[in-house]
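Colleague: From first to last, the protein sequence lines are chains A and B.
Heads up, the first sequence is in my numbering, so the first residue is 1 and it goes up one at a time.
Heads up, the second sequence is in my numbering, so the first residue is 1 and it goes up one at a time.
Source of the hints: derived by calculation from the structure; they are not laboratory data.
Treat each hint with caution, since some may be false.
Some, not all, of what chain A presents toward chain B, calculated at C-beta under 7 Å [what the hints assert, rightly or not]:
no.	residue
1	P21
2	E22
3	L27
4	L30
5	A116
6	V119
7	R121
8	I132
No farther apart than 30 Å at their CA atoms in a straight line, the calculated lysine-lysine pairs in the BS3-like style are these [what the hints assert, rightly or not]:
no.	chain 1	residue 1	chain 2	residue 2
9	B	K6	A	K85
10	A	K85	A	K98
11	A	K96	A	K85
12	A	K96	B	K6
13	A	K106	B	K6
14	A	K85	A	K106
15	B	K55	B	K6
16	A	K106	B	K55
Beta carbons are placed, not taken as given, at the ideal position from N, Cα and C, and that holds for glycine.
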Amino acid sequence: MPHIPLNETLPGIRALFDFRPETAAPLCRLADVLLHQSSSLSRADRELIATYVSALNDCRYCQTAHGAIAAHHLNGNEDIVLQVKRDYLSASISDKLKALLAIAGKVQQGGQHVSAVDVNRARQAGANDHEIHDTVLIAAAFCMYNRYVDGLATWAPTDPASYRARAAAVAEGGYNRIPSDIQAQVQTAKSTTAWKV
Amino acid sequence: MTGSMKPMLLSEVEHNPQPSPHTDLIRRMQTSGAEYPQIWHLFAFRPAATDHLSKFTQEIMRGEAPLSAGIRELIAAFTSYHNDCPF
Chain A
1 MPHIPLNETL PGIRALFDFR PETAAPLCRL ADVLLHQSSS LSRADRELIA
51 TYVSALNDCR YCQTAHGAIA AHHLNGNEDI VLQVKRDYLS ASISDKLKAL
101 LAIAGKVQQG GQHVSAVDVN RARQAGANDH EIHDTVLIAA AFCMYNRYVD
151 GLATWAPTDP ASYRARAAAV AEGGYNRIPS DIQAQVQTAK STTAWKV
Chain B
1 MTGSMKPMLL SEVEHNPQPS PHTDLIRRMQ TSGAEYPQIW HLFAFRPAAT
51 DHLSKFTQEI MRGEAPLSAG IRELIAAFTS YHNDCPF
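Starting from the given sequences, assemble the full structure and let the hints guide the process.
Modeller: Next up, the structure:
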């Protein structure tokens, strides 16, 4: 049960976005820049970085939600997502993504764990400074999102199908629409309840 | 760069600032030879992303809320201390 009263119809970070729309807007826009807007890193790779960090932080909602979005970008291949979470070094992904995941994992332990050796390995695997920068920012931002979601004990759906359905919409439409989508959903729920009463 | 400041791991981040308020601040400090926090380079490198972080920080730290700005800064300082982040 959440530590504070939240809209029970909304899972995970969506309930928090509904609770505090003023902070939700910049958090969604940041996610959109990092994960959805154009970049030399594919959307699948960026979602895999977010998923991996969320798994290390043991955040069930975020790792399942972003794992589903990553799988959507990988033509529904959920196996790669599982491989990355279990043992990314033996996953069917590029050496460049492996080197970036190593950096993301260090950020999750603490920013000062990232070393010049990690950065040079990523460069040798073909990553440029922009990609290394964004990897660190995605990892750092997801440590924040993960702690936000679990620090207030939001609920996470157990049915994978509900994540897949939402993943398709976010993968195609991006993150900027989320606050207005939530508002619309809450309004619909309110009018339905009013009708019942 | 001023004498006691170490080069950043990503030289492109340090040397390719985009037009932004932080870029102007960095130039001013460099001209005067004063030290400045290198987080400014992060904000100058990728303003498309970090502008949203600034807006988020402004809202959570200074937006209308029952916690005073002082208490909020204490929470931030306390957390940064435990994360071993001196800045």
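Colleague: Going back to the hint list, which numbers does this structure go against?
Modeller: Of the numbered hints, 1, 7, 9 do not hold.
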